[in-house]
Amino acid sequence: MLTLTADQKAAMVITAAFMGSAAIILHIAAIAFDLADFLRGLSIGLALVSLAILLIGKLRDEYLDGLWKQGASAAFATTVVLFLVRPFIIEGAFTGIDGARLVEAYAALVAPAAILAFFVGFYGARLRNPA
Amino acid sequence: MKNRLKVLRAMRNWSQAELAVHLDVSRQAVNAIETGKHDPSLPLAFKLARLFEMPIEEIFDDQS
Chain D
1 MLTLTADQKA AMVITAAFMG SAAIILHIAA IAFDLADFLR GLSIGLALVS LAILLIGKLR
61 DEYLDGLWKQ GASAAFATTV VLFLVRPFII EGAFTGIDGA RLVEAYAALV APAAILAFFV
121 GFYGARLRNP A
Chain B
1 MKNRLKVLRA MRNWSQAELA VHLDVSRQAV NAIETGKHDP SLPLAFKLAR LFEMPIEEIF
61 DDQS
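As you go down the protein sequences, you meet chains D and B in turn.
Heads up, the first sequence is in full-length UniProt numbering, so the first residue is 1 and it goes up one at a time.
Heads up, the second sequence is in full-length UniProt numbering, so the first residue is 1 and it goes up one at a time.
No wet-lab data here; the hints were simulated from the structure.
A short list of chain D residues far from chain B (calculated; beta carbon distances all over 12 angstroms): (1) Ala16; (2) Phe76; (3) Ala107; (4) Val110; (5) Ala113.
Covered stretches of chain B (chain D as the covering partner; in silico rule of three or more C-beta atoms under 8 angstroms from a C-beta of chain D): (6) 15-25; (7) 38-44.
Source: prediction; values computed, not measured.
Using N, Cα and C, we set each Cβ at its ideal position, and we do this for glycine too.
Could you build all of it, start to finish, from the sequences and the hints given here?
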């Protein structure tokens, strides 16, 4: 059975984070530019797999746990902000057919935006301590 | 939190990677602790104390 060192596990998690951040950017682009459905499905699937690897990895190493916490804080803050500004962006700014599209796009983008914020927080913490 | 980890590691001629193997953590975790960017958990602090055969207070300094 293959046994990985803590360093190898950390490297695998960092690679998964890179994959996840690329995937969520692709997912947001797929929504914003109305790209093929399979791209949306593939990208969000990759992002969720990446988050699962990060969640498991953070349980095994303190450094990764710290990065996870920074990412989770950023994701939570983003979710709260998007919840609070929703009335001002959607209901206060647009009407008619554009308003309907905006509501749909906003609803579809909240979760990916939170996941993107997670990776921004994750990499922000990593850049502050380039170990 | 300030610490003497780098000095203690150098006294034994260990690289960060070698210390990480002794502690069963990643090299990144060792680096984060040495640079004061991350405070170790209590179990890890005790591991360090046992590894270097000295009290935790002689490795870490929370006063400065």
